[in-house]
Amino acid sequence: MTGASHALRKGESEREKRQTGQEGCLTENLALAFLPRRWSHVDPQPLDHPAHLEMLKPAFELRRGFSFENCQRNASLERVLPGLRIPQAHKTGTTIAGLVFRDGVILGADTRATNDSVVIDKSCEKIHFIAPKIYCCGAGVAADAEMTTRMAASNMELHSLSTGREPRVATVTRVIRQTLFRYRGHVGASLIVGGVDLTGPQLYSVHPHGSYSRLPFTALGSGQDAALAVLEDRFQPNMKLEAAQELLVEAITAGILGDLGSGGSVDACVIMGTGAKLLRTLSSPTKPIERPNQYRFAPGTTAVLSQTVKPLTLELLEETVQAMEVE
Amino acid sequence: MNARGLGSQLKDSIPVTELSASGPFESHDLLRKGLPCVKNELLPSHPLELSEKNFHLNQDKMNFSTLRNIQGLFAPLKLQMEFKAVQQVQRLPFLPSSNLSLDILRGNDETIGFEDILNDPSQSELMGEPHLMVEYKLGLL
Chain H
1 MTGASHALRK
11 GESEREKRQT
21 GQEGCLTENL
31 ALAFLPRRWS
41 HVDPQPLDHP
51 AHLEMLKPAF
61 ELRRGFSFEN
71 CQRNASLERV
81 LPGLRIPQAH
91 KTGTTIAGLV
101 FRDGVILGAD
111 TRATNDSVVI
121 DKSCEKIHFI
131 APKIYCCGAG
141 VAADAEMTTR
151 MAASNMELHS
161 LSTGREPRVA
171 TVTRVIRQTL
181 FRYRGHVGAS
191 LIVGGVDLTG
201 PQLYSVHPHG
211 SYSRLPFTAL
221 GSGQDAALAV
231 LEDRFQPNMK
241 LEAAQELLVE
251 AITAGILGDL
261 GSGGSVDACV
271 IMGTGAKLLR
281 TLSSPTKPIE
291 RPNQYRFAPG
301 TTAVLSQTVK
311 PLTLELLEET
321 VQAMEVE
Chain G
1 MNARGLGSQL
11 KDSIPVTELS
21 ASGPFESHDL
31 LRKGLPCVKN
41 ELLPSHPLEL
51 SEKNFHLNQD
61 KMNFSTLRNI
71 QGLFAPLKLQ
81 MEFKAVQQVQ
91 RLPFLPSSNL
101 SLDILRGNDE
111 TIGFEDILND
121 PSQSELMGEP
131 HLMVEYKLGL
141 L
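Respectively, the protein sequence lines represent chains H and G.
Going by the working numbering, the first sequence opens with residue 1, and the numbers climb by one from there.
Going by the working numbering, the second sequence opens with residue 1, and the numbers climb by one from there.
Source of the hints: derived by calculation from the structure; they are not laboratory data.
A quick note: this is a predicted structure, and the numbers were derived from the prediction, not measured.
Using N, Cα and C, we set each Cβ at its ideal position, and we do this for glycine too.
Hints are supplied without guarantee of correctness; some may be wrong.
Unchecked claim - Residues of chain G placed beyond 10 Å of chain H at every Cβ, according to the derived structure:
no.: 1; residue: Pro44
no.: 2; residue: Leu57
no.: 3; residue: Asp60
no.: 4; residue: Ser65
no.: 5; residue: Glu82
no.: 6; residue: Leu92
Claimed, not checked - Covered stretches of chain G, going by a simulated chain H footprint (3 or more residues, C-beta under 8 Å):
no.: 7; stretch: 48 to 55
no.: 8; stretch: 104 to 113
no.: 9; stretch: 119 to 129
Work out the full structure, taking the sequences as your base and the hints as a guide.
What follows is the structure, given as structure tokens:
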């Protein structure tokens with residue numbers, strides 16, 4: 001470290017000390033105070049040894065929450081190695097829909113998770129629990145939707161324990177959209193929140209940047225156009241449960257058949273004043289392919305050219321006998 | 001703070017050198033940061049980096065100014081006094097402090113967020129050098 005930069009650091013830190021008044025500023029010596037120690041013991045060296053200066057760690061390692069350390073490295077890796085494929089987050093490529101009927105809310109989703117154009121999961125769960133009578137369907141980046149809904153569920157549980165009241169759908173929506181707005185859309189989760197609370201059945205759709213709408217029926221995800229077309233055509237206010245369920249299954253099926261990113265079977269969740277019922281695999285519009293031939297080959301199909309047998313010499317080290325009670 | 005450049009907002013107020021090799025890359029961590037580039041030190045590496053770093057500060061500022069407008073000057077003053085009083089209770093500088101009273105005052109004891117799940121400082125693999133840090137805190141260094 002040259003003398004000039006040394007002086008600059010000292011001057012800078014003293015100015016900061018005056019301005020901030022915190023103990024967090026350093027002179028060069030004080031920088032050594034944050035010398036990291038691994039748990040394997042390192043011999044202490046004199047303070048002005050250059051090795052100390054080389055082992056200092058940036059202070060932002062100790063910050064909680066998201067860490068942006070690797071962003072510069074990733075950006076420079078992408079620049080330097082043009083053929084490198086950065087691992088992408090799995091998106092769900094979904095059709096999710098919900099509608100309000102006479103006694104409550106019914107939510108539906110397909111069950112396919114994709115990564116670019118490969119199907120990763122043929123039966124993943126997209127309807128997440130938030131409260132006993134509030135459920136949430138998630139589309140967009142799978143991990144973001146999952147973590148956002150789990151954190152919302154934990155926060156709602158803590159909040160309802162603290163207030164002593166049942167959680168409301170509007171509260172869930174507000175918590176979710178405030179979190180999503182804080183991260184300016186980088187948390188790519190589109191959610192449909194539906195439930196019944198003391199003000200009645202409600203359905204909200206929340207978008208990744210934090211906007212929301214309260215609607216009597218809605219659909220999100222890559223298959224939303226197909227699902228919305230069916231819903232717009234046949235939705236009536238105050239439908240009965242059977243009619244609503246049938247309409248929802250048709251909407252999700254339209255998404256499954258018409259959109260490449262959606263597939264699998266239809267999941268639904270019926271939420272009424274008395275409670276919620278999760279109906280997994282309510283309908284399977286597409287059957288799995290019947291494989292035409294057997295894939296078992298008789299031994300001898302492939303010619304054996306040569307065979308070597310090498311016995312392994314094993315030595316018996318220890319023998320324990322454990323009596324099993326047969327009763 | 002606003003009068004300074006973006007570069008000083010990026011770094012913490014603690015100017016520390018980083019892991020280094022010898023030769024032309026001295027005091028520059030080649031593995032973590034890539035080739036040296038002035039742009040990397042001046043501009044944030046992610047659009048959310050600055051806003052996340054200052055999130056709690058900005059939220060506090062907003063809340064205190066709203067409180068001052070509604071309830072007068074004494075309300076935020078009293079709250080800030082309580083915050084400062086509660087921040088005096090800390091463990092030794094190289095150990096993580098629980099900050100329980102501060103969490104209660106802020107209302108963080110009833111919420112869970114990414115700062116509770118990710119990068120928990122009590123699970124950190126690195127620790128400061130105990131003797132040096134205590135000597136600094138006592139002013140003996």
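Verification of the hints:
With a minimum CB-CB distance of about 8 Å to chain H, Pro44/G fails to clear the 10 Å threshold, and the non-interface call is violated. With a minimum CB-CB distance of about 12 Å to chain H, Leu57/G clears the 10 Å threshold, and the non-interface call stands. Every CB of chain H lies more than 10 Å from the CB of Asp60/G, the least distance being 15 Å, so the non-interface label holds. Against chain H, the non-interface label of Ser65/G holds: every CB pair exceeds 10 Å, the least being about 19 Å.
With a least CB separation of 19 Å from chain H, Glu82/G remains clear of the 10 Å interface cut-off, as annotated. Even its closest Cβ contact with chain H, about 12 Å, leaves Leu92/G beyond 10 Å, as expected for a residue assigned away from the interface. Look at the stretch 48 to 55 of chain G against chain H: 6 of its residues bring a Cβ nearer than 8 Å to a Cβ of that chain, three or more, so the hint holds. Counting residues of the stretch 104 to 113 of chain G whose beta carbon lies closer than 8 Å to any beta carbon of chain H gives 4, which meets the minimum of three for the stated coverage.
Counting residues of the stretch 119 to 129 of chain G whose beta carbon lies closer than 8 Å to any beta carbon of chain H gives 9, which meets the minimum of three for the stated coverage.
Hint compliance for this structure: hint 1 alone is broken.
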